[in-house]
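Engineer: Sequences listed follow chains A and B, in order.
Residue numbers in the first sequence follow this note's numbering, run continuously in steps of one, and reach 115 at the last position.
Residue numbers in the second sequence follow this note's numbering, run continuously in steps of one, and reach 135 at the last position.
Certain hints may be false.
To be verified - Short, incomplete list of chain B residues facing chain A, as computed with Cβ under 7 Å:
1) Pro63
2) Met67
3) Leu111
4) Gly120
5) Thr123
6) Phe126
7) Gly127
8) Gly129
Stated by the list, open to error - Label-pair distances were calculated between CB atoms; the ranges are:
9) A/Gly56 / B/Leu135: 45 to 51 Å
10) B/Thr26 / A/Arg64: 26 to 32 Å
11) B/Glu73 / A/Pro115: 46 to 52 Å
12) B/Glu74 / A/Leu97: 18 to 24 Å
13) A/Arg64 / B/Lys61: 24 to 30 Å
Since the hints were made in silico from the structure, they are not lab data.
Beta carbons: idealized from backbone N, C-alpha and C, even for Gly.
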Amino acid sequence: TQLLEQSPQFLSIQEGENLTVYCNSSSVFSSLQWYRQEPGEGPVLLVTVVTGGEVKKLKRLTFQFGDARKDSSLHITAAQPGDTGLYLCAGALASGSRLTFGEGTQLTVNP
Amino acid sequence: ETGVTQTPRHLVMGMTNKKSLKCEQHLGHNAMYWYKQSAKKPLELMFVYSLEERVENNSVPSRFSPECPNSSHLFLHLHTLQPEDSALYLCASSRRDRGLETQYFGPGTRLLVL
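Could you put together the complete structure from these sequences and hints?
Structural biologist: So this is what it looks like as C-alpha cells:
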C-alpha cells in the first residue's frame, strides 16, 4: 500500500482540454509538493503547499491542498503539448522529514 | 535551478561488470540522494547522505555501494547486477528552507543490465 496514491495513473487528452489529477493519502502531511518529470530528465519542482485549504496558481496550473492536509489536486486549464510529462506528488509527514513520492500520473497532451 | 549533473546518461552492462555512476552538484546543498525509478513504481529512495555521512540505507542489496567523498559529489558503484536492476537511477540534492525540504534532481542514468 502506497502512502500517497495518485490518480489517474495515465491520462491522454487533446490540446485545449482541462484536466485534474489527484494525490490522496490517509495520512496528514506537513507539506506537499508537486514535481513534473519530462522524458529523459529528472523531476522538477512545481510548487510546495503547506497550509490546509491552500490554493496556488502557476500560470495555467492550479494546485490545492486539502483542508485536512491529506490530499491535493492539480488542475490544468487549456492543456498544451508542452504539459506532457509525469506529474509526481511528494509529501513530508513532519517538518524536516524525508519526502515520500507517489507513483505519478503520466499525462500526454496531443496536438 | 538544474545544477545537478549525472554521468553517464546511459549505461549498458553485463551481470559480471563493475561500473560507477557519478553525480555532482554545485548548489551548496548538504544532502544528496540516490533514487531508483522503475516503470509503474514510485520513486524508491536508496541512500541518503547528509554532510557526507550516510544517514539512510533502505534495504538496498550490497551489489549497490554508494560513496560520498565530499558534499558536491556522490557515486553509486555497481557490481554483479541483475536484470531487474535495470531502471533510471536519479541523484538529487536538497536544501532546507524554514523546515521545508526541496529536492533538486539530476537527469538520471538509464541503466540496462543484460
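Engineer: None of the hints should be skipped; say for each whether it holds.
Structural biologist: Cross-check of the supplied hints:
no.: 1; hint: Pro63; in the structure: holds, 5 Å
no.: 2; hint: Met67; in the structure: violated, 12 Å
no.: 3; hint: Leu111; in the structure: holds, 5 Å
no.: 4; hint: Gly120; in the structure: holds, 4 Å
no.: 5; hint: Thr123; in the structure: holds, 6 Å
no.: 6; hint: Phe126; in the structure: holds, 3 Å
no.: 7; hint: Gly127; in the structure: holds, 5 Å
no.: 8; hint: Gly129; in the structure: holds, 5 Å
no.: 9; hint: A/Gly56 / B/Leu135: 45 to 51 Å; in the structure: holds, 49 Å
no.: 10; hint: B/Thr26 / A/Arg64: 26 to 32 Å; in the structure: holds, 30 Å
no.: 11; hint: B/Glu73 / A/Pro115: 46 to 52 Å; in the structure: holds, 47 Å
no.: 12; hint: B/Glu74 / A/Leu97: 18 to 24 Å; in the structure: holds, 23 Å
no.: 13; hint: A/Arg64 / B/Lys61: 24 to 30 Å; in the structure: holds, 28 Å
Checked against the numbered hints given earlier, the structure breaks only hint 2 and satisfies all the rest.
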